[in-house]
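Trainee: Sequences are here, hints too, so could you generate the full structure?
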Amino acid sequence: MKIAVCFKIIADYDRLSHKDWEWDERHFVDMSFVRRVFNCFDESALETSLKLSRQLENVSDPAELTAITVDDGQGDLFLKHLMAVGYDHAVRICCNNRLDLRFNPLVISHLISRYIKQEGQKLVVLGMQGGEGDNGQTGFLVAEQLGWPCIREVIDVVMAESPDCLKVKSRIDGAILKQTIKLPMVLIMGHSLNSPYLRVPTLKQKLNAKKKQLTILSNIDLGLDNEALLNKDKTLMDLHGQKPGKSCAFLEGKTAQEQAQCLYDRYLKERLSL
Amino acid sequence: MTLTREAIVEHLKNIVGKERVITDEQVLKENSHDRYKKFETIFGVYSTPIPAAVVKLADTNQVSDVLKFLNENKINSVAKTGGTATEGGLETIVENSVVLDGSQMNQIIKIDETNMLATAQCGVNLGELEDRLREQGFTTGHSPQSKPLAHMGGLVATRSIGQFSTLYGAIEDMVIGLEAVFPNGEITRIKNVPRRSCGPDIRHVIIGNEGALCYITEVTVKIYRYFPENNEFLAWALDDMSLGFEVLREVMVEGYRPSVARLYDAEDGVQHSFDQFAPDKCVLMFMAEGNEHMARATAQGIAEIVEKHEECRKIDSRLIENWFNHLNWGPEKIAEERELIRKNFHIGFTTEVSGNWDCINTIYENAIKRIREEYPHIEDLTMLGGHSSHSYQTGTNLYFVYDYDVKDCKPEEEINKYHIALNALIVEETLKAGGSMVHHHGIGKYRTSWTKQEHGSAYYILKGLKDQFDPNGIMNTGTIYPVE
Chain A
1 MKIAVCFKII ADYDRLSHKD WEWDERHFVD MSFVRRVFNC FDESALETSL KLSRQLENVS
61 DPAELTAITV DDGQGDLFLK HLMAVGYDHA VRICCNNRLD LRFNPLVISH LISRYIKQEG
121 QKLVVLGMQG GEGDNGQTGF LVAEQLGWPC IREVIDVVMA ESPDCLKVKS RIDGAILKQT
181 IKLPMVLIMG HSLNSPYLRV PTLKQKLNAK KKQLTILSNI DLGLDNEALL NKDKTLMDLH
241 GQKPGKSCAF LEGKTAQEQA QCLYDRYLKE RLSL
Chain B
1 MTLTREAIVE HLKNIVGKER VITDEQVLKE NSHDRYKKFE TIFGVYSTPI PAAVVKLADT
61 NQVSDVLKFL NENKINSVAK TGGTATEGGL ETIVENSVVL DGSQMNQIIK IDETNMLATA
121 QCGVNLGELE DRLREQGFTT GHSPQSKPLA HMGGLVATRS IGQFSTLYGA IEDMVIGLEA
181 VFPNGEITRI KNVPRRSCGP DIRHVIIGNE GALCYITEVT VKIYRYFPEN NEFLAWALDD
241 MSLGFEVLRE VMVEGYRPSV ARLYDAEDGV QHSFDQFAPD KCVLMFMAEG NEHMARATAQ
301 GIAEIVEKHE ECRKIDSRLI ENWFNHLNWG PEKIAEEREL IRKNFHIGFT TEVSGNWDCI
361 NTIYENAIKR IREEYPHIED LTMLGGHSSH SYQTGTNLYF VYDYDVKDCK PEEEINKYHI
421 ALNALIVEET LKAGGSMVHH HGIGKYRTSW TKQEHGSAYY ILKGLKDQFD PNGIMNTGTI
481 YPVE
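Line by line, the protein sequences are chains A and B. With the numbering used here applied, the first sequence closes on residue 274, and no number is skipped along the way. With the numbering used here applied, the second sequence closes on residue 484, and no number is skipped along the way.
Calculated from the structure, these hints are not laboratory results. Source: prediction; values computed, not measured. Think of the CB as a built atom: it goes at the ideal place given N, C-alpha and C, for glycine as much as any other residue. Hints may contain errors.
Here's a subset of chain B near chain A, in silico, CB distances under 8 Å, partners left out [stated by the list, open to error]:
#: 1; residue: Thr23
#: 2; residue: Glu25
#: 3; residue: Gln26
#: 4; residue: Gln276
#: 5; residue: Asp380
#: 6; residue: Leu381
#: 7; residue: Thr382
#: 8; residue: Leu384
#: 9; residue: Val401
#: 10; residue: Asp405
#: 11; residue: Lys407
Now the in silico label distances, taken between C-beta atoms and shown as ranges [as the list claims (entries may be wrong)]:
#: 12; chain 1: A; residue 1: Leu77; chain 2: B; residue 2: Arg372; range: 17 to 27 Å
#: 13; chain 1: A; residue 1: Thr180; chain 2: B; residue 2: Glu128; range: 14 to 24 Å
#: 14; chain 1: B; residue 1: Glu337; chain 2: A; residue 2: Gln261; range: 51 to 61 Å
#: 15; chain 1: B; residue 1: Asp131; chain 2: A; residue 2: Asn135; range: 38 to 48 Å
#: 16; chain 1: B; residue 1: Gly177; chain 2: A; residue 2: Phe250; range: 34 to 44 Å
#: 17; chain 1: A; residue 1: Arg266; chain 2: B; residue 2: Glu95; range: 49 to 59 Å
#: 18; chain 1: A; residue 1: Phe250; chain 2: B; residue 2: Glu95; range: 18 to 28 Å
#: 19; chain 1: B; residue 1: Pro200; chain 2: A; residue 2: Ser247; range: 55 to 65 Å
#: 20; chain 1: B; residue 1: Ala421; chain 2: A; residue 2: Cys248; range: 27 to 37 Å
Mentor: This is how it looks when you write it as structure tokens:
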């Protein structure tokens, strides 16, 4: 079974301070000095798919895992890492690097879905949103373009008794939904407690991965010209930072009891009576 | 006659009050180990004997009274404050040990701006002391990764070192005076003077004793003016560690004292994401700090030295500054690490050693080679590398870093299969080349097999201290001194 897992590499936002959030005239924030990491939901998707592939090792149609990212080169190290931990193929789709794809999930979904069709994949797994644009749309758009069923907020997936089905666990309205679904399908990973982190390759796996080749494709290879990559449905007008509206007050009182009484009288009583 | 566990607890309650004697089973379990056994304890296995009690000490007199009682009854004690030890020093290997927890002795006693001194009780968190000092424009200059968690007593007891040591020195260079209690209950104070010639420097009996000779209750350290606005970061990529050590040596011998001087090999660099800007390269980095003139001159001087070596390629200093500013380990990072270990059965440790300039590269190459060639579970290793992070006029340290997948063994077997075995190969190669087997974590309980070899004929002095100050052997048995 051909499984494609899509991921995005983003700056580690935990390492940006408030003062670093300054953007230029194109609304880009300079993050060149911050390390890049797997987008957290995509990392779950990558590890969950690896675990699924291990379950499918001895079936008639074993898993063939492909990792896909759309970027201009920064993802190569991460693709090598994925080959080291067990991905069979690593694909980078590169576009004109002057294009701003942060808020253009439609184009990203076109690139992904064209690759999926071209390669005859049966399952697409990807994170529910990426840190850069926080669009949360790519998975749904990919499913729509492929005409496949789509499950959102997936937290786990395992093989089913029937070879052309998977058991999928997802969150819905505060409950956990367990379904057995027929392939093909698109799975959009949410917060997975089972597989939050990608495994680490051994020294030997890393050495072997160095010899493996990455597949680099362009939008042209996938039948999309540069005109088709433009964001036609929306224009980024402005960005502005939110000022945190926090304030601080010290509770009066000599003892904890007096302070608790003060907290209740001044701040809680009114709210609790509502 | 040996006291029963119940009798020990009862006596302790009489001495310090029942509210200060903790016997809750989970608390006792958590106090039976330190980070050396982090793997098994994450999986709920506690293979070390559980202590009889944890005593939350209130003041120096209580320390004295409790130690006197333990000494008279030959009950083993384990001194503890922040609990960030990494080498088994906090393990309660003797049945019915008592953990002496000084974390509630947490008063900053005095900040003396005239004499540039700060005095703190043993349970003061270094991060809190540092924050207080920085509010007033000062710093201790001590900044180990454990700063958010470690306490002053433990830092002094283990001869700890901080990330800015190349400028400020290690803890032994900072401590001016001390108060400590010996097992017979004797309270001793060493006064705060800038220097003296009055016999041997007795501070060094206490600094680094790891709770094996006495209990540190109060510490006075030097403080410095703090000028973070002048910090300058510098970094270069280079092909091999040998060249890196050579450049480090030139910088040190030339007399420059950057606060940070680090050299990472390519493998170790990967776990810090250095491969994103220096793939397959070693990374050499410095931070110059201090007053404006000193910081600028230090940065310029270092750059001149490094850039004479054409093989060194300059790296955007902002990358290093951003990385360095996120290096400390607080509670959230410990929790994240525990989760990673639990989910992926994957863990990492370090062994830190030191050597003079003429043998440091030999230690580095031989230890890595021996692990690659001789370690039977090399297939399970996910990382094997190292870095130097504390340099001196005469040599530098080496931090070997090794991560591995724990496979085909019970949680309690991990330590022998992986950690102890890897640690041993590094220590053996270091001693063989003439280096020191421990640079700054302390001997703890897992390098004691080599304590005699480390000290050679000078072990006579070390043993004499134990015989003199702890004749009943109640002070952290199995730490520093091998169990005979």
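Trainee: Hint by hint, say whether it matches the structure.
Mentor: Okay, the hints, checked on the actual structure:
Because the closest C-beta pair between threonine 23 of chain B and chain A is about 27 Å apart, greater than 8 Å, the hint is violated. Annotation: interface hint on glutamate 25 of chain B violated; nearest CB of chain A at approximately 28 Å, more than 8 Å. Because the beta carbon of glutamine 26 of chain B sits about 24 Å from the nearest beta carbon in chain A, more than 8 Å, this interface hint is broken. At a threshold of 8 Å, the smallest CB-CB gap from glutamine 276 of chain B to chain A is about 6 Å, leaving the interface hint in force.
Given hint, aspartate 380 of chain B at the interface with chain A, holds; its Cβ is 7 Å from that chain's nearest Cβ, closer than 8 Å. The interface hint given for leucine 381 of chain B holds, since its Cβ lies 5 Å from the closest Cβ of chain A, which is under the 8 Å cut-off. Taking 8 Å as the C-beta contact cut-off toward chain A, the hint placing threonine 382 of chain B at the interface holds, the least distance being around 4 Å. A hinted interface residue such as leucine 384 of chain B counts as satisfied when its beta carbon comes closer than 8 Å to some beta carbon of chain A; here the least separation is about 6 Å, so the hint holds.
The beta carbon of valine 401 of chain B is not positioned within 8 Å of any beta carbon in chain A (closest approach about 13 Å), and the interface hint is therefore violated. The closest approach between the C-beta of aspartate 405 of chain B and any C-beta of chain A is roughly 7 Å, which is under the 8 Å cut-off, so the hint is satisfied. Given hint, lysine 407 of chain B at the interface with chain A, is violated; its Cβ is 10 Å from that chain's nearest Cβ, farther than 8 Å. Remark: the range hint 17 to 27 Å for leucine 77 of chain A to arginine 372 of chain B is upheld by a beta-carbon distance near 23 Å.
For threonine 180 of chain A and glutamate 128 of chain B, the hinted distance range of 14 to 24 Å is not satisfied, since their beta carbons lie about 55 Å from each other. Between glutamate 337 of chain B and glutamine 261 of chain A the CB atoms are about 41 Å apart, so this pair departs from the stated range of 51 to 61 Å. A hinted range of 38 to 48 Å holds for the C-beta pair aspartate 131 of chain B and asparagine 135 of chain A, which are about 40 Å apart. Range check, glycine 177 of chain B to phenylalanine 250 of chain A: Cβ separation about 36 Å, and the 34 to 44 Å hint holds.
For arginine 266 of chain A and glutamate 95 of chain B, the Cβ-Cβ distance of about 54 Å falls inside the hinted range of 49 to 59 Å, so the restraint holds. A beta carbon spacing of about 49 Å between phenylalanine 250 of chain A and glutamate 95 of chain B contradicts the range 18 to 28 Å that was offered as a hint. Distance hint check: the CB atoms of proline 200 of chain B and serine 247 of chain A are about 57 Å apart, consistent with the given range 55 to 65 Å. Alanine 421 of chain B and cysteine 248 of chain A have their C-beta atoms about 53 Å apart, which leaves the hinted 27 to 37 Å range violated.
Checked against the numbered hints given earlier, this structure breaks hints 1, 2, 3, 9, 11, 13, 14, 18, 20; the rest are met.
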